[in-house]
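Sequence order for the protein chains is A and B. Count along the first sequence starting at 1, add 12, and that's the number in the working numbering. Count along the second sequence starting at 1, add 62, and that's the number in the working numbering.
Everything labelled a hint here was simulated from the structure, so no lab data went into it. Careful: at least some of the hints might be erroneous.
As the list claims (entries may be wrong) - Just the calculated beta-carbon pair ranges, DEER-fashion:
no., chain 1, residue 1, chain 2, residue 2, range
1, A, Gly38, B, Thr377, 47 to 53 Å
2, A, Asp52, B, Gly469, 39 to 45 Å
3, A, Gly38, B, Gly340, 56 to 62 Å
Claimed, not checked - Examples of chain B residues toward chain A, derived with CB under 8 Å:
no., residue
4, Arg394
5, Thr398
6, Thr399
7, Ala403
8, Glu405
9, His465
10, Gly488
11, Gly489
12, Val491
13, Ser496
Think of the CB as a built atom: it goes at the ideal place given N, C-alpha and C, for glycine as much as any other residue.
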Amino acid sequence: MKARILVVDDDEALAEMIGIVLRNDGFEPVFCADGGQALDVFRSSKPDLVLLDLMLPGIDGIEVCRQIRSESDVPIVMLTAKSDTSDVVRGLESGADDYVPKPFKPAELVARVRARLRPGDQKAPETLRIADVTIDVAGHTVNRGNERISLTPLEFDLLVALARKPWQVFTRELLLEQVWGYRHAADTRLVNVHVQRLRSKIERDPEAPEVVLTVRGVGYKAGS
Amino acid sequence: MAAGLEQLPFRARIWRRRAVIVSLRVARLVRTGISRFFPALRYIVQSLHRRWRRSLQFRTVLTTLLLAVTSFAVVGAYLSNQIANNLFQERLTQAESETRYNVKQVQDTFDGAQVTDQSSVITLVYDTLNAVEGRGSVIQRRYVFEAMPQQTKPRNRWVESRASDQLTVSVIPPDLRKAVQESGKDQYWASTVIPVGTEDRPGIAVGNKVTFNGTVYELYLIYDLNTAQQTLDEIQSVLWAGGAVLVLMIGAIAWYVTRNVVSPVSHAAVVSEKLAAGQLQERMVVKGEDEVARLGASFNHMAASLQEQITQLATLSQMQQRFVSDVSHELRTPLTTVRMAAEVLFDARHDFDPVNKRSAELLYNQVERFQSLLSDLLEISRFDAGVAMLDAEPEDILQVIAHVIDGAAPVAAEYGSELILRAPAGGIVVEMDSRRIDRILRNLILNAVEHGEGKPVTITVAANQTAVGVAVRDHGIGMTPTEAARVFDRFWRADPARARTTGGSGLGLSIAMEDTKLHNGWLQAWGNKGSGANFRLTVPLRQGEEIDRSPVQLEPEDIVLPGVREDRNILLLGPGTSGQPDEAGTFRGEVPPSSKAAVHVPPKETS
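Next comes chain B alone, as it looks inside the complex (with noise of 0.2 Å):
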C-alpha cells in the first residue's frame, strides 16, 4: 500500500515542473492574443458559434471528438496508471529480494572476518561493500553505508560511512532511515532520487542494518528506476499518440458518416427551398434503396404533384381568365347593339301605340338590368380567377365619398331619403383603388337607400393613424343579426318574399366584399330589426399595413346614446336640406359593441 504513495513525490514534482512551464506558454500567449488577436479570436468563436447552430455535421462531429478524447483520457489515465503500478511493484520485489540476500551476504562476509588493524578492515569493508554493486560495466545497485548515530564508540570502529559513487545519506529519505534505525532486524524500502552523472533518476531505496566488529550500521541499497521510468514513458507516448490517431479517426469517420446522413437532408433542404421560390422542377438526386432514397423519392413525388396541381390551378386559372375575357367581349358587343336599339325605341316610344310603348319601355329597363348582372357577373369571376389587381394610389377618400353621394343623390331623392355627410374637416389622403372604393361606397349607400324606408341616411367619416372608417347608417326595416351575417353572400336576400325594386343583381355587397379584400380592408354589417342597419368600411391608410382598430364605430352611437355631441364638419346632401348644419356630430372612435345584434367579419376569417 506504501507503493502508490511513496512513488508520488517524484512525479508530483515532474508534473508541477510542466504545468508551470504549460502555464507560462498559456499566459504569455493569452497577453499577445487578447491585444493583438482579440477580434480575429471573436470572429473565430463567433463563427464556430453560427457552425455549431447551423451545421448538424458540425455540432455531430465536434460532439463525437468530445467524447472520444475524455473516454481516451480516462482510459489512458487508467491504463497508465495500472503499467506504472505493475511495473513498480515488480521492480520493489526484485529490489527487496536481491536486497535480502546482499544484506545477509554483507553480513555473513563481516561476520566471518579475521582482520583486526585499521586498514585491513577498511579494505575487507570497501570491498565487500563493492561487491554489492555487482560485477560489470553496469552497476546494478548502489548502497549507502552508515554507522548508526548514537551508539558508544568501540575502539577498533574505523568505518564510519560509506557511499556509491556521488551518493551520500542525503538521498535516504528521513522517514526511511527512522524506520530502519527503530526496527530490530526489519527491511524497509521508500522511493527517492538518485544523482547519475548530470540527471536525477528515480530509484528505490532499500534499508536494513548490518553488525560489523560491534558496531551497527545502517545499509541502503538503492535501485535505479530509470529503465522502468523509460518503459513507462515509452508506453504512455505510445498510448498518446494511439489515443489521438483513433480520435482523429473516430472524428473521421463521424464526419463522414454524418456527411452520408446529412448531405442528402440538406440537399433536400435546398431542393425544397427551391421548390418553394417556384422553381417547380427541382428534384432531389436519388441514388439506392436506403431509407435516403427512399426519402429523397417521397420528396420527389411530392414535388412532382405538387408541380402537377399548381400547373394544373394555373391553367385552370388562365382558362378561367381566357374565358371570362372571351364571354365579356362576345356578350357585351351583341348586348351594346340591343341596348343601343333600345334605347333608339324608347326614345321613339312617344310615337308609339299604348302596347309598343310599353314593350320598348320593358325592353329598355330588362336590358339596363341585364347589362347590370352580366357587369356583376363577370366581375366575380374575375375575383374568383384571382385576377383582380388592385390599382393602388394616395388619394383623398373624401372626394371620392362626395362625387358618389353626388351620384346617388338622384336615387335617394326618389327614394325620399336625405343623404348627411359626417366627416372631418380637410382630407384623408388614402392608398387606394379610387375605382373600387367608389364601387363599394355606392354599392353601400345605394343600399341603405334601397332599405332605408325614405329615412336619413348617414355617411360617417374618420381617420385614425393606420386606417380610414366609412360607415354608412340607415334607419330602415334593419335585419336581425343572422341576416347581417349573411348579408356579403351572393344572391342572398333578407326576404325571399319581397320583390326587388331596384333591380339589384344581388351581386353588389358581396362585390364590395370582394374589393374590400383587395385592400386588405374589413366590411362589416351591423343590424338591428326596426331600427335600422350600419355597414362600416375600413381601409389601411397605406397599402401593406395593419388596421388595428377602425376609427369608426360598428354598432351606432345613437341607438346607446342618443345626445348632444360635439360638432365637426358637416355636410347635408339631400333633397331640400343640403348645407344646413347636424346637431350630431362625429363618432369619437371605436367603443366595442356591446349588443348582440352587432355582427364583425373580422379580416381573418374573411380573407
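Chain A on its own, in the form it takes in the complex (with noise of 0.2 Å):
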C-alpha cells in the first residue's frame, strides 16, 4: 500500500515538485495550500505523514503542527526557508519530528520522508527498564507504575535507542543516525529538542533528569 503523504504548501509550484518526486518515489501526496484547512484535509485524508512549511498564510505553521500533535503522533517533518536557529527550534518544540531546510534535494526530501515513515520492523517482545520507567517495545507502550506515558513514535525510539544499550554515552551524531536515519551533516539541535521534549514528558522533574542523562561535552545516556 502507497503511503499517503499530506503537503502543505501555500507555494503551488513547489508543492507539485514535490508532488512529482514523491509519486516518482512511490507515495502518494495530498496537497494543501491553507494552514486554517490544514487540519480537515489531515483529518479527511489520514496521511501516514505531514510535510509542512513554517510560513503559510492564515494559520502559520507552527501553529498547524501543534495542532495536528495534539490530535495525531503521526510523523511530521518541516520545511523551513529559514535557518534560523529560534525557527528551527520553535518548529521542533511545536512538534515536528524532522525538518529540511529549503532548498533540499529530491533525495535529501525523500530519505527523511523514509525515515519517519520506517515501519516499526516486526518488534519482538521486548520489555526495556530505564529508572522507574518501563517500556514495552513491542506495544509501543512507556509505563512508569501504572501511569501510561504517552509518546510520539519518535520520542519512543530515541528512549528505545537509548534504554537498549544503557552502558554507552550515546553521542548526538550516533543518535542522530540511529534515531533520524541521518548519514552525514546533520543538525544536533534535532536532538537537543526532542530530548528536552521527551523528558517534559518522561522525567518527574525535567530540571533534574532521572531517565535520560547528559552526559557533558559528549552527549546522552541512560539512566539507572
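These two chains come separately, so use the hints to put the complex back together.
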C-alpha cells in the first residue's frame, strides 16, 4: 500500500514539484495550500506523514503543527526556508519530528520521509527499563508504575535507542543516525530539542533528569 | 616693652590650668571611647573618608570650613592680643600717673608733719595711707607700705609696715622690690596677682620710695585690673561667638553654593548613567540660561541625537534582518522548486539527446552553485546585521573534526590529496557552536584540498589551559604574505586569472572569519610561495575566556625543522593510506614565527 503524504505548502510550484518527486518514489501525495484548512484536510485524508511549510498564509506552520500534534502522533517533517536557530527550534518544539531546510535535494526529502515512515520493523516482544520507567517495545507503550506515558513514535524511538544500550553514551551524531536515519551533515539541535521534549514527558523533574542523562561534552545516556 | 612680658605669668597660669582640665577630659574620653566606641569610631572615620572621596560638595564644604576656622583663629588671636595690650597699656599709664601723684601727696604729708609721739605718728601714717585708697565704697587702689630693709633704725620709728586689707608684702614681685630698693627716686611697676575677697585678681603694682622721719619706706600702690580683664573676657567671648557664627554661615554658604553647582553635575551623572544603561528617553532638567543650564541643554541635545541614531540603527538593523529573512524565504522557495526540477532532469539525463543532456548537467551544476552562493550571501548578511547568535555548548571538538574529515574525504580523494590528522588521544571538550566550528573547519579543509595540488593536507589539533588550536596545512602552491593578509577578504582571489574549479562562492573564508569572531577566537593564515599555506583556528575552551597563546604553531615546523619528533595519537585519512601511523608527530606549542611570511591576524584588529 502506498504511503499517503500530506503536503502543506502555499507555493503551488513547489508543492507540485514535491508531488512529482514523491509520486516518482511511490508515495501518494495529498495537497493543502492553506494553513487554516490543513487540519480539515489532515482529518479527511488520514496521511501517514505530513510535510509542513513553516510560513503559511492563514495559520502559520507552527500552529498547524501544534494542532495536528494535539490529536495525532503522525510524523511531521517541516520544510523551512529559514535556517535561523530560533525558527527551527520553535518548529521542533511545537511537535515536528524533523525538518528539511530549503533548498533541499529531492533525494534528501525522500530520505527524510522514508526515515520517518520506517515501519515498526516487526519488533520482538521486549521489555526495557530505565530508572522507574518500563518500555514495552512491541506494544509501543511506556509506563511509570501503572501510569501510562504517551510519547510520539520519534520520542519512543529515541528512548528505546537509549534504553537498549544503557552502558553506552550516545553522541548526538550517533542518535541522529540511529533515530533519525541521518548519515551525514546534520543538525544536532534536533537531538537537543527532542531530548528536552522527551524529558518534559518522562521525567518527574525535567530540571533534574533521571531517565535521560546528559554526559557533558559528549551526549546522552540512559539513567540506571 | 616690659608690659607684654610682664603680663604673661598670670595669663599663662590660667591657660595652663585650662589646658590640664581639657587634656584630662580628652584622655578620659579617649580611654572610654576606644574600648567602647572604637568600631563605631572606625565606621564613622571610614564613612567620612568615603564621603570625602565621593562627594565634591562634602569636600568643598569641609575645606571651606577648615580654612575659615584657621583664618578666624589667626584674626581672632591677633585682635584679642591687640585689645588686651591696649587695655593694659591704658590702665598702666593711668596707674603710673596716679601713683606719681599719690606718692607725692604722701611724701608731702610726711614732710609737713609736726608730730613726735608714737600714737600721733601711727595715726598720721595710717590716715595718709588710707587716703591713698581713695574715697567712696570702691577701693581705687591698694597699697603696701614697707620699711626698706638693712637701714639703721632711727629712734622714733614706730611704723615698720602697713598694707591694705588682705595684702602682704609677698604680693609684690621680688624683682619689683629689688628694682625699687636699688634705685633712687624712680618709679617701677610689675604685674601681680592680688587676693580680693575669695578670688585672685590680676593687678599692677607700681612702687616708689617715701621718706618719713629719716626712714626710707617702699610704697607700692596696687591697681585692680579686674574690670579690664572682664572687658577683655567679654570681647573675647564676643569674638568667639561671632567667629563661630561666621564659620557656620560660611559653611552654610559654601554648602549652598556648591550644592547649586554640584547638583546639576550629579544630576547629569545620574542621567548619563541611565542613558548608558539603555534608558534613552532620559533627559536633564534645564532651568534658566546660565552655564549649568547650557550644560543641561547640550547634554540633552547629545542624548537626543544619540537616541535618534541608536533608534535609527536599531530600525535599520531590524529592517536588514527582516529583509534578509524575507529574501531568504522568497528566494529559497522557488530555488527549491528549480533545484528539484533540475535534479529530476539530471537523473533522467541518460534518456536525453547529447544537447539536452549537457543542458541538464549544466543546469544542475549551476543551480547547485547558485544555491551555495545564495546561502553564503545570506549568511554574510546575517553577520553584517549583527543577528548571528552563538549557540555554544560544550562538545568534543575532535568529534567535529572527524566528522568534517569524513565529509571532505571524497573531495580530497578526487584531488588525490590525503588528509592527515594529528591529534592528542581522548577528547577536547570546547564550549562552542559546533555547527559553526564544523563550517569553519570544512571551509579550511576544502580550501586546503583545493589549493593543495594533490599533496597531503595535515590537520593538527592541540589544546592548552585556555584554548584549542587547529592548524590546516597544505603543501600546494602557497601564497605570499600580502596574499595571506587578504585571504579573508570577501570575494578575494589569489589569482583573478585563475578559474575557480570547485565553484566556491569566494565567501567561505570570510564566513569562517566571522564564525571565529563570534567565538572570540583567532583565525590566522600563513603562506609561502611554493611551500604551501597554513591556516590556524584558535578558540577559547570556555566562552568569555581570553586566549593567551595558541597551542599550535602558525608557521609550520616542517619548514624550519624537518626532523623526527615524538609520536602521539595519529590518524590517517585519505585515499589508500587510512590507519597508518605517521613519522611526524604533533607540534609542541607556540614558537614565535620567525619568517616574514607569517601573517598574524591578532584578535584585537579583527574583532
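Taking the hints in turn, this is what the structure says about them:
Between glycine 38 (chain A) and threonine 377 (chain B), the C-beta spacing of about 51 Å keeps the proposed range 47 to 53 Å intact. At about 43 Å, the CB distance of aspartate 52 (chain A) to glycine 469 (chain B) agrees with the hint of 39 to 45 Å. A hinted range of 56 to 62 Å holds for the C-beta pair glycine 38 (chain A) and glycine 340 (chain B), which are about 58 Å apart. Proximity of arginine 394 (chain B) to chain A holds as hinted, the smallest CB-CB distance being about 4 Å (cut-off 8 Å).
Residue-level restraint check for threonine 398 (chain B) holds (minimum Cβ-Cβ distance to chain A is 4 Å; threshold 8 Å). With 8 Å as the threshold, the beta carbon of threonine 399 (chain B) comes within range of chain A, its nearest partner Cβ sitting at about 5 Å, so the hint holds. A hinted interface residue such as alanine 403 (chain B) counts as satisfied when its beta carbon comes closer than 8 Å to some beta carbon of chain A; here the least separation is about 6 Å, so the hint holds. Hint status for glutamate 405 (chain B) relative to chain A: holds, with the closest Cβ pair at about 5 Å, below 8 Å.
A distance limit of 8 Å between C-beta atoms decides the matter here; for histidine 465 (chain B) the minimum to chain A is near 7 Å, and the interface restraint holds. Of the supplied interface hints, the one on glycine 488 (chain B) is violated, with its beta-carbon coming no nearer than about 11 Å to a beta-carbon of chain A, more than 8 Å. Of the supplied interface hints, the one on glycine 489 (chain B) holds, with its beta-carbon coming within about 7 Å of a beta-carbon of chain A, less than 8 Å. Contact between valine 491 (chain B) and chain A, as hinted, is supported at the beta carbon level, the nearest pair being about 4 Å apart and thus within 8 Å.
Given hint, serine 496 (chain B) at the interface with chain A, holds; its Cβ is 6 Å from that chain's nearest Cβ, closer than 8 Å.
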